[in-house]
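Undergrad: Here is how the chains run, residue by residue.
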Amino acid sequence: GAGVSQSPSNKVTEKGKDVELRCDPISGHTALYWYRQSLGQGLEFLIYFQGNSAPDKSGLPSDRFSAERTGGSVSTLTIQRTQQEDSAVYLCASNKPERSNTEAFFGQGTRLTVV
Amino acid sequence: QQPVQSPQAVILREGEDAVINCSSSKALYSVHWYRQKHGEAPVFLMILLKGGEQKGHDKISASFNEKKQQSSLYLTASQLSYSGTYFCGTEDDNTGKLIFGQGTTLQVKP
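If you're matching them up, the sequences are chains Z and G in order.
Heads up: the first sequence begins at 1 in my numbering, then just goes up one per residue.
Heads up: the second sequence begins at 1 in my numbering, then just goes up one per residue.
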């Protein structure tokens, strides 16, 4: 596709359930990011995939959060045993971190509500 | 380390100017600027590479002082469409990882 695609756009889940959020980056982009944005807050870094390197998971808030990227393309962010504080918009972005132009393109996000 | 933006919020009248600052405790390779309108995804404005360059985008320009590890975004003769939250992003020189400041909310009133 032409842009970064995220699904679902909205997800309401019960506390304690697991959820999977999907991101389909721009074709050819080697880098993929997940950020979390709570209401009225900034872009909290979660995890960074770059090519075949080990992912940078330094932003994951707890071991309930995990992410994988298959075949260097699609990524899935999984939140286990969801809590109310997990409610936020989860944004995915991709770019090509080469030195000439590293503009990041964002998807429209998944709005997660834990009830 | 997350870059620090100031101010946190700005309220302007149409036609007024504003400056948003971004500073980092780490040496910077590049600085990105994005704008996010309410309910939308952040959108790229410009990127500045080390070398002290300045860039412009319509009436929005930015500077990058690598020695001071700072960047500033200048909005001149602001328009209603400039309203939104502005984020600076800093890129790790080795890994390319992009992390963002906490954002500056700009509101332009008629």
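Please keep in mind that the hints were generated in silico from the structure rather than gathered at the bench.
Treat the hints with caution; some may be incorrect.
Unchecked claim - Derived pair list, reagent style DSS-like, types lysine-lysine, alpha-carbon separation capped at 25 Å: (1) Z:K96 to G:K109; (2) G:K97 to Z:K57; (3) G:K67 to G:K109.
To be verified - Distance windows between CB atoms, simulated: (4) G:Q2 to Z:R64: 41 to 47 Å; (5) G:E14 to Z:N52: 48 to 54 Å; (6) Z:P55 to G:Q79: 38 to 44 Å; (7) G:A27 to Z:G3: 29 to 35 Å; (8) Z:N52 to G:Y29: 17 to 23 Å; (9) Z:P8 to G:S61: 36 to 42 Å; (10) Z:A2 to G:K37: 33 to 39 Å; (11) Z:E14 to G:Q2: 42 to 48 Å.
Stated by the list, open to error - Which residues of chain Z face chain G? A few of them, derived with a C-beta cut under 8 Å, are: (12) S27; (13) L43; (14) A54; (15) E103; (16) A104.
All C-beta atoms in this analysis are idealised placements derived from N, C-alpha and C, irrespective of residue type, glycine included.
Undergrad: Z:K96 and G:K109 were given as a pair; does the straight-line alpha-carbon distance stay at or below 25 Å?
TA: Violated. Z:K96 to G:K109 sits at ~37 Å, over the 25 Å cutoff.
Undergrad: Take a quick look at whether G:K97 and Z:K57 sit within 25 Å of each other, Cα to Cα.
TA: The given pair, whose Cα atoms are some 11 Å apart, holds under the 25 Å limit.
Undergrad: Closer than 8 Å between Cβ atoms is the bar; does Z:A54 clear it against chain G? Give me holds or violated.
TA: Hint violated; Z:A54 Cβ to chain G Cβ min 10 Å, cut 8 Å.
Undergrad: That 36 to 42 Å hint for Z:P8 and G:S61 (C-beta), does it hold up?
TA: 39 Å Cβ-Cβ, so the 36 to 42 Å window holds.
Undergrad: Tell me if Z:A104 is really an interface residue toward chain G, meaning its C-beta lies closer than 8 Å to one of theirs.
TA: At 6 Å from the nearest chain G Cβ, Z:A104 passes the 8 Å test, so the hint holds.
Undergrad: Quick check on Z:E103 please, does its C-beta sit within 8 Å of some C-beta on chain G?
TA: With a minimum Cβ separation of about 5 Å from chain G (threshold 8 Å), the hint on Z:E103 holds.
Undergrad: Would the hint on Z:L43 be counted as holding, given a Cβ-Cβ threshold of 8 Å to chain G?
TA: Nearest chain G Cβ about 4 Å off; hint holds.
Undergrad: Go ahead and decide if the range 42 to 48 Å is satisfied by the Cβ distance of Z:E14 to G:Q2.
TA: 32 Å, violated
Undergrad: Look at the Cβ atoms of G:Q2 and Z:R64 and judge whether their distance stays inside 41 to 47 Å.
TA: About 22 Å separates the Cβ atoms of G:Q2 and Z:R64, which means 41 to 47 Å is violated.
Undergrad: Mind checking the hinted window 38 to 44 Å against the Cβ distance between Z:P55 and G:Q79?
TA: 40 Å, holds
Undergrad: Taking 48 to 54 Å as the hint, is the beta-carbon distance of G:E14 and Z:N52 inside that range?
TA: Cβ of G:E14 to Cβ of Z:N52: about 50 Å, so the range 48 to 54 Å holds.
Undergrad: In this structure, is the beta-carbon distance linking G:A27 and Z:G3 contained in 29 to 35 Å?
TA: 32 Å, holds
Hint compliance for this structure: hints 1, 3, 4, 10, 11, 12, 14 are not met, and every other hint is.
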